[in-house]
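Peer 1: Using our numbering, the letters of the sequence shown map in sequence onto residues 3 to 349.
Keep in mind that a hint or two might mislead.
The list that follows gives simulated cross-link-like pairs (lysine-lysine, PhoX-like), each with its CA atoms no further than 20 Å apart [claimed, not checked]:
1) Lys67 - Lys158
2) Lys67 - Lys320
3) Lys158 - Lys320
4) Lys152 - Lys195
5) Lys320 - Lys308
6) Lys301 - Lys347
Ranges between beta-carbon positions, derived for each pair [said to hold, decoys possible]:
7) Glu315 - Asn223: 18 to 28 Å
8) Gly142 - Pro264: 23 to 33 Å
9) Glu307 - Ser176: 13 to 23 Å
10) Gln269 - Lys301: 22 to 32 Å
11) Asp140 - Ala330: 21 to 31 Å
12) Gln269 - Asp318: 15 to 25 Å
13) Glu265 - Ala323: 33 to 43 Å
14) Glu147 - Pro311: 17 to 27 Å
15) Ser198 - Ala258: 35 to 45 Å
What the hints contain is simulated information worked out from the structure, not anything from laboratory work.
C-beta atoms are modelled at their ideal positions from N, C-alpha and C, and glycine is treated no differently.
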Amino acid sequence: MSIARRFSRRSILGAAAVAATASLALTGCVAGENSEATAAEGTGDGVLNIDFATYNPLSLIIKEKGWLEATLADDGVEVNWLQSAGSNKANEALRSGAVDVGSTAGSAALLARANGSPIKTISLYSQPEWAALVTLPDSGIDSVEDLKGKSVAATKGTDPYFFLLQSLEEAGLSADDVTVENLQHADGLTALKQGSVDAWSGLDPIMAGAEQDGAELFYRNLDFNTYGFLNATESFLQEEPELAQAVVNAYEKARAWAAENPEETAQILADVAGLDLEVATKVITERSNLDVEAAPGEKQRAVLEKVGPAFVETGDVKSQADIDEALATLLDDSLVKKADPSVIKAS
3 MSIARRFSRR SILGAAAVAA TASLALTGCV AGENSEATAA EGTGDGVLNI
53 DFATYNPLSL IIKEKGWLEA TLADDGVEVN WLQSAGSNKA NEALRSGAVD
103 VGSTAGSAAL LARANGSPIK TISLYSQPEW AALVTLPDSG IDSVEDLKGK
153 SVAATKGTDP YFFLLQSLEE AGLSADDVTV ENLQHADGLT ALKQGSVDAW
203 SGLDPIMAGA EQDGAELFYR NLDFNTYGFL NATESFLQEE PELAQAVVNA
253 YEKARAWAAE NPEETAQILA DVAGLDLEVA TKVITERSNL DVEAAPGEKQ
303 RAVLEKVGPA FVETGDVKSQ ADIDEALATL LDDSLVKKAD PSVIKAS
C-alpha cells in the first residue's frame, strides 16, 4: 500500500490541528522568522506536517532544497512546514498533533515525555553550544554568583532554561535566588536590551546576533547544553513508518550536505533568521556540531540523567519515576539504523 493511501485519514486530523495551533507556534519569532507555515488543507492524498527552526540548521536545508517534496510527490504527499520558535513551541505542536515531526533540545524532549507527551526521539540533528548566560556591558554581572537577587529572562521548557538551572546549582544558588521571567527567546533579548531584566539565558542564533551587537556571554558551559533532538509522535511512527523513514533519510542527506557546504549552510541560516552572514557563519562553524552521530543512545541518555532530577526539584515533573520512565522509552534509533539518504530526490 502506498504512503499516500495509508496517510489520508491522518492528514485530515493533522490539518485541523495545524489550523488550531499555528498561531501558538509562531509566537516570539525573531526577524526573518515570519513563517511560511499556514494551516495545511488536506489534499486527500496525505500531508506531512513537519517543523523547521533556526536552531535546527538541518531542517532549514531540507526545506530550502525541497527534498521531501520531490521525494514524496509520487505518493501524492504534501509537505507542510510549520516554524517552531523554541523547543516549548515544538512540544506544543507535537502534543496537539499540529506537527508529526518537531525539533527540540534533548532536555525539552525529556520534559515532554515525562509529562505524558507521546513522542519518540528518532534522530539527533546537532550537538550544539547553543545556550549561555548573557548580559549587557557595565551590568555589574561577571559570574553566575552575581545573579543572586537579579532578574533573568528564560524560556521555560527549553535548553536555555535548564542551562540556567544547572548554572545556578553549580554556583550554589537555586531558582529561588533569582526572578525568572518566562519569555520566548527573542522577547528575552528584547527585555535585556530594554533593561527589564538583568540577564538573559540565550539561544543561538539570536544569541550570536546579540553578541555581535555588544552583549556579553558571561557564562558558557558546553556540558550544560543537551543535544538537538528530532522527535515524532508515536501515532505517526506507528501509522506511517515509511513516511517517518523518509524524514530521517532526508536528515541524513542534509547532514552530509552541510558538512560539504558550510558556507551555503550559513547563508541559508542567515536568510531565514535575518542574521548577518558573519553571525550565521559563527553559529554554524563554531557553535553547531552538525556532524554528530545521528542515532540517539546511551550518550544522550547519560546527559539527560543529569538534567532529570532538576525537573522534579522545580516541580516541572511530578516524580523521579516519571523521569525514569521517560528515559527508558524516549529514544528510538531504529530509523537511523535503516537510513538511506541516497533515496532522497533533488528538487
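Peer 1: Now tell me, hint by hint, if it's right for this structure.
Peer 2: Hints, one by one, checked against the model:
1. Lys67 - Lys158: Cα-Cα ~32 Å, so violated.
2. Lys67 - Lys320: Violated, at roughly 42 Å.
3. Lys158 - Lys320: 16 Å, holds
4. Lys152 - Lys195: 15 Å, holds
5. Lys320 - Lys308: 17 Å, holds
6. Lys301 - Lys347: Answer violated: lysine 301 to lysine 347 is near 32 Å, above 20 Å.
7. Glu315 - Asn223: 18 to 28 Å: 19 Å, holds
8. Gly142 - Pro264: 23 to 33 Å: Since the Cβ atoms of glycine 142 and proline 264 sit about 38 Å apart, the hinted range of 23 to 33 Å is violated.
9. Glu307 - Ser176: 13 to 23 Å: Once the Cβ atoms are compared, 20 Å apart, the range 13 to 23 Å for serine 176 and glutamate 307 holds.
10. Gln269 - Lys301: 22 to 32 Å: Since glutamine 269 and lysine 301 have Cβ atoms about 31 Å apart, the given range 22 to 32 Å holds.
11. Asp140 - Ala330: 21 to 31 Å: 48 Å, violated
12. Gln269 - Asp318: 15 to 25 Å: 37 Å, violated
13. Glu265 - Ala323: 33 to 43 Å: Distance hint for glutamate 265, alanine 323 is violated at roughly 48 Å.
14. Glu147 - Pro311: 17 to 27 Å: 22 Å, holds
15. Ser198 - Ala258: 35 to 45 Å: 43 Å, holds
Going down the numbered hints, you'll see the structure goes against 1, 2, 6, 8, 11, 12, 13, while the others check out.
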